[in-house]
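Trainee: Sequence:
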Amino acid sequence: MKSYLYLTKKYIKSYPKRCIGIVLCISLFLFAFLTILWYSNSFKYSLVENYKIEEGGVYESIRFYVDQENFREKESQLVEEKAGIISGIWEVKSKSPSDIWIGNVNDNVSTLLSLHFESGKMPKSENEIAIEKGTYDILGLKSKIGDKVELEIKNSYGNTEKKSFVLTGIIKNFSNKIKLHYDYQSEKLLFPSILTTNSKASPKYIHIIAAENSFLIRNISSKSVYSNDSQQMISSKMVANNLILMPVKIFFVLTTIMGIVSISLYFFKEQERYLNLLRCIGFSKKKSRKLLLIQGFFIWLSSLIISSVASILVLLLLQFISSFSSQYLFLNLSILDLIIVALLSAVLIFISFNILLARFYKNAPLREAIYVSKKQIKSQTKLKRCWHKAYGRRYKLQNFTCVMLVMFCVGMSIFGSFVPLFNARGSSFDADPEYFRQNADYSLHMMGGGSSAKIYYINLPVGCGVSHKIADEIASDKRINVLEASVSNLIVPFFLTSQNPDNKLLYKYVVEAKKNEYNYIFQHKRTNEMIKLAGGDSSKDSLVELSVKWQSYDSVLNNINEFANGKIDEKNYKNGVEIIAPDYLCSVGDEFTMVIPIADAEATEQNIEEHIKFKTAKVKVAATYSKEQYNSDKLIISTEYLFSIYPDLNYENIILENLDHNDSVWVNELENNLENLEGISVGVRYDNYAKMQREFYDQVNLETLQIIVSVFIFIVIILIAIVFSSYVQVRSNLKSYIMMRAIGARIETVQKLIINEINRTLTTGVILGTILGGAVVVFFSILGSNIKLWDIYLFYVVPVFIATVILLYFGSRIAVKRAVRSMINQNIIEKLNTVE
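Mapping the sequence shown onto this note's numbering, position 106 (from 1) lands on 106, and the numbers just tick up by one.
Bear in mind the hints are in silico, worked out from the structure with no lab data behind them.
All figures in this text were calculated on a predicted structure; none of them were measured in a lab.
Where is the CB? At the ideal position from N, CA and C, for every residue including glycine.
Incorrect hints may have been included.
[Stated by the list, open to error] DEER-style ranges, computed between Cβ atoms:
hint	residue 1	residue 2	range
1	N759	Y6	23 to 33 Å
2	S334	S202	25 to 35 Å
3	V347	M246	40 to 50 Å
4	N759	Y274	45 to 55 Å
5	A201	M246	52 to 62 Å
6	D660	N219	47 to 57 Å
7	G589	L557	18 to 28 Å
8	D660	S119	39 to 49 Å
9	P799	N575	16 to 26 Å
10	F350	E80	45 to 55 Å
11	F215	L254	41 to 51 Å
Work out the full structure: start from the sequences and follow the hints.
Mentor: This is the structure:
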């Protein structure tokens, strides 16, 4: 064994550059293969983790307001099933329009809800708390982690008492995501936004979060259940991304196989003279094989170590780059992937060396160079054809390897430049300006929430929606443009028919609706009372439910640039005297009497009669709009008037435009206020379109950068493969080249012949790669037929494809010239007398 190690050491010392070059080249192939495997795993893992952050965790279900006796019987078993238990124990006094509660939680809650901290950590005892960021701001706290916080707690007698806690963490907003999943059924969801643990206080209510595959929780009775479909969403995303990553993985596997085989061939060609010398001094075939395999082992081990370190460094770099985008890359480096790469490369080197040795021993120690017969030369009309016929026969394997490498590289450049924007557009329509109003920056809108009291068409509980007081305060800033501020479904007014019996709008809802078996006439035991209150005659008149949109004055002006007829006075519109109507159903001057049902905050479907009153108002159509101006058939009435008579009601939908994107401090403050507004509103979702658009382009740029870097690495790999292939061929056929020079061929002629063959290889690979990449792009284009794609082809796919082809042709030309010139440019007489 010592002799083998000694000879290996001597060989490395004699040819250090050659050995280092071979190790680095194999390392490059292994690095590419290992990186794509680790990146693929990390990408899938990040998909889950980022989804948890965006959607508030991955769990099976949440049971709201569970039966406490039933819970106590099963509590220990629920803990064994890793259920998250949240108990509301104290209500905090505050100026917030929504309730703020302190909740006692177990250790599983943080994991199941995927709580992420802006600073600090979860509490460990009952005198410690972690506060949601929105609640922290609403309470006006300035405390730092580790400071004491005093909160006013409401007791059962309606009084308050101060309690002191140690602040251990500030949590990113999470509670409103949970509230969106609650079926309100006439009551608000009480959910803690301040968390403590190990408290002995009696719970006022309990919510349970079920882990995946939890069975016991299904037997716990509760008022409402939310079943989470996040796992299905993640699975569908996994399938979509696997379709994208699978071709890339296949490419890397084939690239690694062909690359290692090609380099093994080069290494062996360089070893032939050395092996012949060893056999001449008495080395047997068995010993020669053993020596070569030991050298191969050291090459493999060194390459594996270098490639592993390089792969980890590159992934850490990608993780750092991803920290500037919304899609953070969480690393998941599997040892199994490293073992797969190690085994594959070891098997390839072992098989390649043994096959080459077997072929080598069948031939004489001194091998003849390639020879082309006179008959063959005469049959060719051009030197290039003659050269190609001889060259192609001898190096079929190497030429095939290069063609495959080029094919996959070009195919990857086409497919890879197409995927980032296609994938981003397919998963984020709202973020792409092509699919959303370009000037909309922020949106707060109700996601359902509440049950409609069918008697009066009032959304219960009262108070759902975007707090109009805080929203109006935010929107009062001159740097904010209110694109829309409206209420559509939270309340429906009733219109008296007698005041304007011939009106087309009333006719549509009374006569035509009856013909189509729809009935919009309000029929209830209190109908006569309401008609009388409106000044009508209950024996002749009726109340009709009309389709109405309550909208703020500013958003009306933003949505309707010019009225078809008439105009509105700001003061009269805000006071509810003037309204806007469609011109094909109403005329300017039409008058109506409204009866508006108003329920208080205590109203439920069961007690609605005790908690409702009626407000009447006479309104006049001051302006009309056409279908072209505003595609709707609804009456538009002032939200300012609505909130003046119904202060407990809130906005249903708000869309804002930021007029000052340059002031980053103010933008951060504005977005923070809107997030807090979401936190204190009931059943509301906040969408930051400005941020989504930034993240959209960040995602596209990040993925494009990764693809471009990958394609560049592939081009380097191909150029190395071409250089080694040319180097081996020149070394093998050096005598033939020298003889050609002896009969008058110039160095440039030989170089042109070699470059011509490489160009043939590249052309074949480019054509096959274009077909391969084009077919995959067409397949995905058919899948995403609803997505705009022409600009992706024009501004992404074509430029990257052209750049790749140019780099391949010019890079290979320069690389081959530099690699073979020194060998061809040698003394003719000296080399003709030497047998390689």
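Trainee: Hints first: check each against the structure and report whether it holds.
Mentor: Tested hints:
1. N759 / Y6: 23 to 33 Å: 45 Å, violated
2. S334 / S202: 25 to 35 Å: 47 Å, violated
3. V347 / M246: 40 to 50 Å: Given range 40 to 50 Å: violated, Cβ gap about 22 Å.
4. N759 / Y274: 45 to 55 Å: With Cβ atoms ~33 Å apart, the hint is violated.
5. A201 / M246: 52 to 62 Å: 54 Å, holds
6. D660 / N219: 47 to 57 Å: Taking Cβ atoms as reference, D660 and N219 lie about 55 Å apart, which means the hint holds.
7. G589 / L557: 18 to 28 Å: 22 Å, holds
8. D660 / S119: 39 to 49 Å: Taking Cβ atoms as reference, D660 and S119 lie about 29 Å apart, which means the hint is violated.
9. P799 / N575: 16 to 26 Å: Violated - the Cβ-Cβ distance for P799 and N575, about 59 Å, lies outside 16 to 26 Å.
10. F350 / E80: 45 to 55 Å: 50 Å, holds
11. F215 / L254: 41 to 51 Å: 46 Å, holds
In summary, the numbered hints that this structure violates are 1, 2, 3, 4, 8, 9.
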